[in-house]
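S.K.: Okay, here's what each chain looks like letter by letter:
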Amino acid sequence: MSSESIALTAAGAPSRPLSDLLYSWVTTVDHKRLGILYILYAISFLVIGGIEATIMRIQLIVPHNHFVSPQTFNRMFTMHGTTMIFFVAMPVLFGFGNYLIPLMIGARDMAFPRLNAWSFWLTAFGGLLLYFSFIGGNGLYGAGSAPDVGWFAYAPLTAKTFSIGHSTDFWTLGLLVSGFGSIGAAVNFVATIVCLRCPGMNFGKMPLLVWLNLVMGAMVLLVISPLTAAQVMLSLDRFLGAHFFDTQAGGSAVLWMHFFWIFGHPEVYVLVIPAFAFISEIVPVFSRKPIFGYPVMVAATVGIGFVSFGVWAHHMFTIGMNSYANSFFVITTMVVGVPTGIKIFNWLGTMWGGKLQFKTPMLFCIGFLFQFLIAGLTGIMLSAAPFDWQLGNSYFVVAHFHYVIVGGILFALFGAFYYWFPKMSGHLYNERLGKLHFWLFLLGFHLTFDFMHIPGILGMPRRIYTYEPGRGWDIWNFIVTVGVFFQAVAILIFVANLLFSMFKGKLAGNDPWDAWTLEWSTSSPPPEYNFARIPVVRSRRPLWDLKHPEDPDWRYE
Amino acid sequence: MSHRNFEKFANTRLGKVSARGASLLSVLIFSGCSCFAFAQASRVPDIFKPASTPAESIHRLSLFVLIITALIFVVVFSLLVYAVGKFRHRAPEDGREPPQVYGSNQMELAWTVVPVLIVLVLFFATARVIHSIQQAVRPPGTIEVTAIGHQFWWEFRYPALGVVTANELHIPVSDPAHRTPTFITLSSADTDHSFWVPQLAGKTDLIPNRINSIWMEPNETGMYVGQCAQYCGTQHAKMLLRIYVDSPEGFSKWIAAQKQVANPAGSVAAGRHIFEKTACINCHAVSGTVADGRFGPDLTHLMSRETIASGAASNTHENLKLWIHSPDSIKPGALMPAMNLNERDLEAVTAYLESLP
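The listed protein sequences derive, respectively, from chains A and B.
Counted the way our numbering counts, the first sequence spans residues 48 to 604.
Counted the way our numbering counts, the second sequence spans residues 48 to 404.
Next comes chain A alone, as it looks inside the complex (with noise of 0.2 Å):
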């Protein structure tokens, strides 16, 4: 193991012009810059994802608003939807994935580098694709326009007959594109995970990131299919005058539905089990302890990978199945609830006992286990299928998946922004601001998605532009609102923490926490080739073995 690093280029060579900084950007196939890559891409459209679901609450501020149009209102959260889940949320998390996997498996790139670079510019190109509907949607019909079929796009709704012009094929085309830009990824996940682990880390060694990352990569491999096979025949259906989808034809909506679902769902975990990622890694670190339960939490996660193949119908009660084939459903969507509580309770487990430093990143981690607590149980009050029919496709839905990916997902990610920040720039965070931000979101959080439950319960639809007043709705979704805000400053507050320390952070050196993976054995940020000398490693903790050599992790595990 070794911190050394080899000149590549000549010390103190004159600073290269702008284009060619960007030309080496645009053409890179460095592990490490296509991650940072990928994260920029993904924090761009946060940002306009963002813009997307303020215009819809400014809109449901009061009943009968008038900001947006009803037509301006569905564009609204079907880009919204569409945007978070393909371009920020996916890419996100690739990007993570593709900057901390070899590094900690102490390889030097991913498996296929010029793969890697052909899946982040098809997922660019797929983003760029959708929101060119804007302008391009209506093709010659008019002005431009964007998808309004909802992000899940249920069939009749995508015919030709209730949607003219070219957004849903904008929309369609965008997530066939960014779908194999995922499966290019996920394949080479798949075999750097599998090919170019370092002498001495077996499957039993690597570290938990790792673990879980292979297991999205295989999730990805299969889920991805079906959503295209469903892309490729919406596109039949609309341009060739096939009629799988198309009602009106004989073809059948209940068919979209299934293959939306029996991707859909999976994707759910896709992008959650990178976020237990990143708890299982910073956990850990700053509770001074060694995951709790390591065979138990990868077999969990294994577990939550299996099972979620099965539980796609979940979304679908109200469609009328039958009996059987609800309890079904039920049945599996409820045993879910077992590996991701077992995770729940090891975190805990690691915490136990430990010295507990509460760091940015450690203060979201713990926002993280609150708020998946409350989401995987509002999650198991809509596994109750009767339960469901009341709740489903209600703003209690609506707050619940965003409890899972804002209060989940997104805290998990904030933690991970802070802790490989000082990896990825060489420069610390500011700690102040960092907490500031973590404050500020966690309260526009709860004011927005806590009270956003009620409206459901009080029997309010989503989707609605706007809804009738003396039901009882108006006071909640004023409230929910008024969270927007205070989520928006803080995500000023992130970007520009994130702008000032790059610049003027403090230096990090290679390893700011006193962690134990190999990452932070290398410099901060980490030369082209990752590691001088390819590291040999006896146990899941290499670093702590390295500082600990009178109790190293080897004589345990």
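Heads up, simulated DSS-like pairs for lysine-lysine below, C-alpha to C-alpha not over 25 Å straight-line:
hint, chain 1, residue 1, chain 2, residue 2
1, A, K551, A, K482
2, B, K133, A, K482
3, B, K133, A, K402
Note that these hints are calculated values from the structure, not bench results.
Based on the hints, put chain B in the right spot on chain A.
M.R.: The following block gives chain B in isolation, referenced to the frame of chain A:
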């Protein structure tokens, strides 16, 4: 606990106390939504205020699920708070790492087995309610209704009674001695919709090329609001739904009135003439006249309804006139076109419509 046992349990005194406890918990968890609902009239479609059989069995199940999830929450949350408070790192730094613990098989076994048991209990309680609702048999007094979803309104037909109406469904209250539940067959003329009146039953989707059904057996008269709960296009938000639960006599009276054929007075002949000579009749029907369109709501008994435009506006002279003149000003994106009538014709057609009983 099987659901049958749970129901027994729910009827004991302890059960009632814990049910009340559960309500309280739900109130606490969801920050007093039920309390707020009290302040409003019954127009709040609160799922915790059921007034019909399937909504009530769902309500009982949801209280049971809420108790269990609340208990899990209290346990895990307390552990989290305890850990955060107790194991907080305190100065001065002694430079020593805490004891390195790698895991415990006994603990893992415990927090695997207990959740599995909880899942089994929840599953059996849930499956029982699913079956009791979905396998319900139709007693002899059942009212059969067909509901067809349209962009953006509801068509209701009573095939056995020969009545057609729109957006405002009338059904009888059910007396346990002479049960008169209503079974509704659901289908769609265009896109997906979902039929949801929270106080009466859970929601079920209306899907083209597919026949679904839903039933309700209300035990209190009154008006219950709901709306389309599956995004169906531009005006999904204003595809509102009302169910009037009438007394048995009230329901018979309503049916008898709906069966009468329109017999407009001579004073509105001008309006009728315009109505029948313009595109109105392509979409609307008025029984007993040449108007027999089916794309829009049946207008035979328009004045018996409290709202127009699928609940988007109350049924007043001004609103009706505005709706005919410019549907977009009430419901932008609705499929009814502006009729471009001059003021005199507009007034005449409105008068004709207002003569429909």
